[in-house]
Amino acid sequence: MSVTILVQLLINGVLAGAVYTLAAFGLALIFGVCGVLNLAHGEFLMLCGSVVFVLFDQYQVNPFVLVILVPWLFFVLGYAFERVLIKPLALRKEHVRLASATLVTLGAALIFEDVAAFASLSSIFEKSVSYSIPSLVLGKVVLPSLKLVVFGLVLALLAALVAFLRYTYTGLAVQAVAQNPRGAALNGVNTARINAITFGIGTLLAAAAGSLEVIHSFVAPNMGLPLTLKYLCIIVMGGLGSFLGVALGGLIIGLSESFVSFFSPAWGQTVAYLLLVAVLLFRPKGLLGI
Amino acid sequence: MKHRHASTGRGLSRRDVLKSSAAAAGALLLTRPGFARAQGMPSEIRIGATIAQSGPLQGIAAPLGKMTQAWVDATNAKGGIFLKKYNKKLPLKLFQYDDKTDPPTARNFYERLATVDKVDLFIGPFSSGLNNATIEVAATHKIPYFIPEGNDSFLFKDSNPWRTSGLAPSGVEYGRLVELYKKVRGIERIAILARDNLHEAAEAKAFGDAMKAGGFDVVYNDIFPKDTKDFSSILLNIQQKNPDALAVECLVPPLTVAVLKQARDSGMKPKEVIMGHAPIGVIKGLGPAAENVVSMIYSFEGDTPDHKELNALCEAAGFEAWQYPESGIHYRTYRRVEDALERAGTLDHEAVREAMWSADFPLFGTERMKIDSTGYGTDQPYPVQVRGGKFVSLWPLEKGAATHKFKNGEWGG
Numbered sequence: 078m079s080v081t082i083l084v085q086l087l088i089n090g091v092l093a094g095a096v097y098t099l100a101a102f103g104l105a106l107i108f109g110v111c112g113v114l115n116l117a118h119g120e121f122l123m124l125c126g127s128v129v130f131v132l133f134d135q136y137q138v139n140p141f142v143l144v145i146l147v148p149w150l151f152f153v154l155g156y157a158f159e160r161v162l163i164k165p166l167a168l169r170k171e172h173v174r175l176a177s178a179t180l181v182t183l184g185a186a187l188i189f190e191d192v193a194a195f196a197s198l199s200s201i202f203e204k205s206v207s208y209s210i211p212s213l214v215l216g217k218v219v220l221p222s223l224k225l226v227v228f229g230l231v232l233a234l235l236a237a238l239v240a241f242l243r244y245t246y247t248g249l250a251v252q253a254v255a256q257n258p259r260g261a262a263l264n265g266v267n268t269a270r271i272n273a274i275t276f277g278i279g280t281l282l283a284a285a286a287g288s289l290e291v292i293h294s295f296v297a298p299n300m301g302l303p304l305t306l307k308y309l310c311i312i313v314m315g316g317l318g319s320f321l322g323v324a325l326g327g328l329i330i331g332l333s334e335s336f337v338s339f340f341s342p343a344w345g346q347t348v349a350y351l352l353l354v355a356v357l358l359f360r361p362k363g364l365l366g367i
Numbered sequence: 545m546k547h548r549h550a551s552t553g554r555g556l557s558r559r560d561v562l563k564s565s566a567a568a569a570g571a572l573l574l575t576r577p578g579f580a581r582a583q584g585m586p587s588e589i590r591i592g593a594t595i596a597q598s599g600p601l602q603g604i605a606a607p608l609g610k611m612t613q614a615w616v617d618a619t620n621a622k623g624g625i626f627l628k629k630y631n632k633k634l635p636l637k638l639f640q641y642d643d644k645t646d647p648p649t650a651r652n653f654y655e656r657l658a659t660v661d662k663v664d665l666f667i668g669p670f671s672s673g674l675n676n677a678t679i680e681v682a683a684t685h686k687i688p689y690f691i692p693e694g695n696d697s698f699l700f701k702d703s704n705p706w707r708t709s710g711l712a713p714s715g716v717e718y719g720r721l722v723e724l725y726k727k728v729r730g731i732e733r734i735a736i737l738a739r740d741n742l743h744e745a746a747e748a749k750a751f752g753d754a755m756k757a758g759g760f761d762v763v764y765n766d767i768f769p770k771d772t773k774d775f776s777s778i779l780l781n782i783q784q785k786n787p788d789a790l791a792v793e794c795l796v797p798p799l800t801v802a803v804l805k806q807a808r809d810s811g812m813k814p815k816e817v818i819m820g821h822a823p824i825g826v827i828k829g830l831g832p833a834a835e836n837v838v839s840m841i842y843s844f845e846g847d848t849p850d851h852k853e854l855n856a857l858c859e860a861a862g863f864e865a866w867q868y869p870e871s872g873i874h875y876r877t878y879r880r881v882e883d884a885l886e887r888a889g890t891l892d893h894e895a896v897r898e899a900m901w902s903a904d905f906p907l908f909g910t911e912r913m914k915i916d917s918t919g920y921g922t923d924q925p926y927p928v929q930v931r932g933g934k935f936v937s938l939w940p941l942e943k944g945a946a947t948h949k950f951k952n953g954e955w956g957g
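Read top to bottom, the protein sequences are chains A and B.
If you count the first sequence from 1, you need to add 77 to reach this note's numbering.
If you count the second sequence from 1, you need to add 544 to reach this note's numbering.
By construction, these hints were calculated from the structure, which means they are not laboratory data.
This one's a predicted model, so the numbers in the text were calculated from it and none came from an experiment.
Treat the hints with care, since some could be wrong.
Claimed, not checked - Here are the simulated SDA-like cross-link-like pairs (lysine to any residue), alpha carbons at most 25 Å apart as the crow flies:
1) B:637 / B:811
2) B:770 / A:344
3) B:815 / A:214
4) B:785 / A:84
5) A:217 / B:754
6) B:727 / B:940
7) B:828 / A:299
8) B:770 / A:214
Said to hold, decoys possible - Partial pick of chain B residues on the chain A-facing surface, computed with a CB cut under 7 Å:
9) 766
10) 768
11) 771
12) 776
13) 777
14) 781
15) 802
Even for Gly, the Cβ is constructed at its ideal location relative to N, Cα and C.
Can you build the whole structure from these sequences, using the hints too?
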């Protein structure tokens, strides 16, 4: 393998891993703070990608403007989702709450998928934004500009999230609830409100990933659950409770898919699960798990 | 207890009420299709089908369900199909469900069609994979089964006498395209990428074999998993092989779009791009990048009554024939059903099955539909090319060779 190919595969892996990380961050945040395994996470990604597509197709709005605007609608949707469907389960025993919340999100995922499939019947268009930017060529290495912009947006979003968590009162409250919900409540934190906000932020991150997916790839009604499983794989591999672990997990999955797909495409998507098994065998807490 | 009769003043006895009820029930029973059918006097022809109105194949298959309904409506508007045994035309009644592109769901629906809806014949689902899950139901219940879009050899590996396909074997599906490239000249090296699925994997292999037999160099022929979203590393490998042509064999429209968008974004500039299956959604999704991409479609431009009927059914279903290339396969399936029923002249399953196998009728002025001893038909696709956002025919070959344009790495936009 030449150095050029090696560099190109590294770039491909990092760019793919960045979008994985963005969405997986949302899932990890919801699980870490709200204690809910949100199986509808991938569906929010799909729904936002679909909305971006429809707005692009109908009104020819620049898709990157939509990437900045549309996910905020999903913050509201995620907030409302938590208030209406998850909060009523809060007073149940922990194991019952966890199982109930998981089943509620699974049910929601199936409903979202069916509704999206039904809505697609009235449209003959596949949900993929027809938009391109000329690629950059550095020597023999091609840098797909579209993906570079996507990568930049992912980094900006993650930086904004870190700043929010570190430097705002609400962000600190989110961290407090994640560490000790009862202690946070005793210190005057409105944990119910923080849970809803966290769910909104997690959903916003999934939505942002969806709006980026529809630009450089596609979205389809049935894509949600397989993606949620992959994000789950990333956060378990990285280590539950560790945001750095999520980033590492996303990067490893992106890189491994990139390299394996080059040599044997048929195994490209399986490698994530093989790596998860390997990591859990040798380090059950995940790579950076606490 | 007696009830007063309003007009005569005579009381209604319990016996009167029972007699009236029995007569009403008898009349109701006699007019019910099931009873009439049991007496050998069916009042309708029951057709069972599923179509992928959701799931991965939705974008390529769902409108064909509307087309089937349009065919049923159009046939019924003409009074139905004449069956000699009953000396009358019988209307069609369609039982069609959404199989969600899911083999177990499809199988369950075909069981339901056989046992609850009690259909007289089946029209199979879209794709070899789904048909593979359902053809056994036909053998179990001995109901004639018309495969529309399905021609993988797996479907014909055993001697199930209740199924036939209108399509020619997958091994010859790309035959006309290979012939076109022999005439056009200009490409030597081809890379083929297919979704990992029964139909696409078989098609890719068959296409590769046909190209090799035609003297072309197949530099890459591999499959990708159905959940792949990032194709950049696969495309990088293909780029290293330096192909003149890139072919994508994939039934799932958004995946075809993703592969070609990412080929464009990764700087690939193939001289020729081929899409095995490309409904309108793929062309729209690619936008300007679709210009001059070559594909295959199961009909061609013409003015015969068959062309007019195909176009009318598509229009009634809300699209144009070229927008869903497999609409031509569905049309031939309707014609096979009509032909088998008319020649059988009865709804007796065995008679319809025999007529299904002995089909031999002209189509579109130049074709002839026949079923071979394995169960394959004669339907093959025709090469087309995207021009200005829609397909133009590259058929007949002489015309196609003269009007074909290479893409020459121009993605537009």
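Hints and how they fare:
Distance hint between residue 637 of chain B and residue 811 of chain B is unfulfilled; the C-alpha atoms sit about 52 Å from each other, more than 25 Å. For the suggested pair residue 770 of chain B and residue 344 of chain A, the alpha carbons sit about 11 Å apart, so the restraint of at most 25 Å is met. Straight-line distance between C-alpha atoms of residue 815 of chain B and residue 214 of chain A comes to about 20 Å, which keeps the hinted pair within the 25 Å bound. As the CA atoms of residue 785 of chain B and residue 84 of chain A are separated by approximately 18 Å, the hinted pair is consistent with the 25 Å bound.
With a C-alpha separation of about 34 Å, the suggested pairing of residue 217 of chain A with residue 754 of chain B is violated against the 25 Å cut-off. Pair hint residue 727 of chain B plus residue 940 of chain B holds up; C-alpha atoms about 12 Å apart against a cutoff of 25 Å. Of the supplied pair hints, the one linking residue 828 of chain B and residue 299 of chain A holds, its CA atoms being roughly 20 Å apart against a limit of 25 Å. Annotation: proposed proximity of residue 770 of chain B to residue 214 of chain A is violated, straight-line Cα distance about 30 Å (limit 25 Å).
For residue 766 of chain B, the shortest C-beta to C-beta distance to chain A is roughly 5 Å, which falls under 7 Å, so the interface hint holds. A distance limit of 7 Å between C-beta atoms decides the matter here; for residue 768 of chain B the minimum to chain A is near 4 Å, and the interface restraint holds. Taken as an interface hint, residue 771 of chain B checks out: its beta carbon lies about 5 Å from the nearest beta carbon of chain A, inside 7 Å. With a cut of 7 Å, the hint placing residue 776 of chain B at the interface with chain A holds, because the nearest CB-to-CB distance is about 4 Å.
Taking 7 Å as the C-beta contact cut-off toward chain A, the hint placing residue 777 of chain B at the interface holds, the least distance being around 4 Å. Below 7 Å, beta-carbon pairs count as interface contacts, and residue 781 of chain B has one with chain A at about 5 Å; its hint therefore holds. Restraint check, residue 802 of chain B versus chain A: the minimum CB separation of about 5 Å is within 7 Å; hint holds.
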